[in-house]
Amino acid sequence: MSARDAADGAGRADAGTAWVEARGLGRTFTLDTPWTDRLLRRTGARQVHAVDDVSFTIARGRTLALVGESGCGKSTLARLMVGLDVPTRGSAWLAGADVRATLGGAPDAARAMRRRMQMIFQDPFASLNPRWRIGDIVAEPLLEQGLILPAQAAERVAALLAAVGLRGADVRRFPHQFSGGQRQRISIARAISTRPEFLVCDEPTSSLDVSVQAQVLNLMVDLQRERALTCLFISHNLVVVRYVADDVGVMYLGRLVELAPKPEIFHAPRHPYTRMLLAAVPDPRARERPRAPVIGEMPDPLAPPAGCAFHPRCPHANARCRDERPALLPSGAVQVACHAVEEGRL
Amino acid sequence: MTGPLLEVRDLCVEFPTRHGALRALDGVSFDIAPGEILGIVGESGAGKSLAGAAIVGLLEPPGRVCGGRILFDGQRIDDLPPAAMRRLRGKQIGAIFQDPLTALDPLYSIGHQLVETLRTHLPLDAAQARERAIELLRRAGLPAAEARLGQYPHEFSGGMRQRVVIALALAGEPRLIIADEPTTALDVAVQAQVIQLLRGLTQESGASVMLITHDMGVIAETCDRVAVMYAGRVVEVGPVEAVIHHPAHPYTAALMASVPTLADAGGRLAQIEGALPRPDEIPAGCAFHPRCPKASQRCGQERPELALVLRTRAACWWPMVEGPAA
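Just so you know, the sequences run in chain order G and R. For the record, in the first sequence the residue sitting at position 333 is 343 according to our numbering, with numbers rising by one throughout. For the record, in the second sequence the residue sitting at position 22 is 29 according to our numbering, with numbers rising by one throughout.
Derived by calculation from the structure, the hints in this document are not laboratory data. Misleading hints may appear alongside valid ones.
The calculated label-pair distances, taken between Cβ atoms and stated as ranges, are [unchecked claim]: (1) G:T40 with R:G157: 46 to 54 Å; (2) R:R16 with G:I158: 58 to 66 Å; (3) G:T43 with R:P113: 22 to 30 Å; (4) R:A272 with G:P340: 40 to 48 Å; (5) G:A313 with R:D112: 24 to 32 Å; (6) G:P44 with R:G281: 50 to 58 Å; (7) R:R285 with G:R182: 31 to 39 Å; (8) G:N328 with R:L65: 48 to 56 Å; (9) G:R48 with R:H119: 51 to 59 Å; (10) R:G74 with G:A313: 54 to 62 Å.
Yeah, the Cβ is synthetic: ideal placement off N, Cα and C, and Gly gets one too.
If we strip away everything but chain G, and leave its shape as in the complex, we get (with noise of 0.2 Å):
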């Protein structure tokens, strides 16, 4: 994609460095449509397209967070770039390796290539199984993946639990013992303890409260440090982004709109949906910002809006936005999907 050429700004280092990496991804679910409908009203196969075109890198030892609201396709996107999920278009990439064909191929390699990558849950009431006890359930990829005998279990397992602040004493409990950040915890135990090189965070302290979202954040990123990891931090909160991320992409519609470094996303936010999010966060410390009507509402992603998605709800829309798609495209040291951007409006 000729973005992903031309700009050398956000996101990216060079391609020799881009050590996780999004090409043209692309996920498109087809519902059911009665085929009466499909005879009587020539209506076609409806689509979501759920990831639409995106395109972003990762360097090595960075964290890109990825923030949208609900149905803007984060969720699908941390899917497809652990091989959770096959794209219908483009593909995923991990040092230098494509992700899917790689899984689908050899099983040694495709061992492999499942080892170095893992990934944290939003639920942690759903994540992990009732029916075990944790060091059991901590202790499963590394014997899955054959990395060490049973009887090492229970040691790995000791020094995975004071990574994470859980007490050794803890290994014989089951899941509904445990409070929701201790759970988010033990399944971060459970995601390093195979030492993943890139780990997709979804949406990891969306459910947890206020203080405990504050441990379990600052304990990612303390992991993350020490242990060199390569993150994908999802969440549809923009603040709290700014604790883990070095850069940040926001997402709409399925659609990449913008990609920058953290500082200026959050000085310098260039799309006008980036700065309608930023606008609706409340703040109770931020007592000076000043707060941007907040327009209309999520499209039907079964319908959205011609040309550019965010049209409808922005201010600063013209004929083009209307009808033509921006691309992502440099602007500084960022990139942007947007007509009023480019054409120097904004």
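Since the structure of chain G is provided, determine the placement of chain R on it from the hints.
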């Protein structure tokens, strides 16, 4: 001179279990004045939703009020028989819950549910009720209100459903609205709109609001006063600006410091050591003392009561008189 609209005095709620009764609310007291928006903020287990449920008479059994009293407009309501409580609920006290899908019956159209609520509480005939329903939806910011009367809840987006729920809560023209996490399930941009709506409509009608939430940002934007709850107790209460920027209670200060914000350097979040106490393991004395950097022996033995400290009331033996800088 009118007294408070709602008075909660030493409210206690317990859940009987095999191992004895669990005190989920332990001596909670606060007032809401007519036309005021009071925020109730706290984390899991603080008891804020229980307080709201107790006031509206919707405590899930086996939970029960075991002490204290609730007065609405000077009359006790915590000991009302169910029929009387039902009349009060909807007419004088409206409720908005977190998940709009729970509040709306999926099998009936929005119009049907609105008309039913209106005719239950107001002397209107079918045509008048329909007109009023359209008016309510319009005021709630729903476009093409008349056309949407016949639609069902699943045909609306989350934000729109919440607007319908707000319209329903206001239908009986209540004087007090209990809103329990009304924006938590919504996206950030929609949250901002719904908060604006709630604020505008209640200001218009003069209704008071008890806004229960864990989101300090929402409280800062909407409320006049706020009560901070921890482990079933109120630890601090006062004007919003004072509680947020000059908290007297160490928990309030620590809570504020752990909220992600655009106003700091974005380095590391201040965290509170330890964990929230489980309802069966509430520490003696001050419930927060095991996690408090200022705790003394007295804190572990004697439970402090709410007392005036500068501009807020805090339940603490060592309140902070010079709060953190804004």
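| task | Give me the numbers of the hints this structure contradicts, sorted from smallest to largest. | result | Structure breaks hints 1, 4, 7 and 9.
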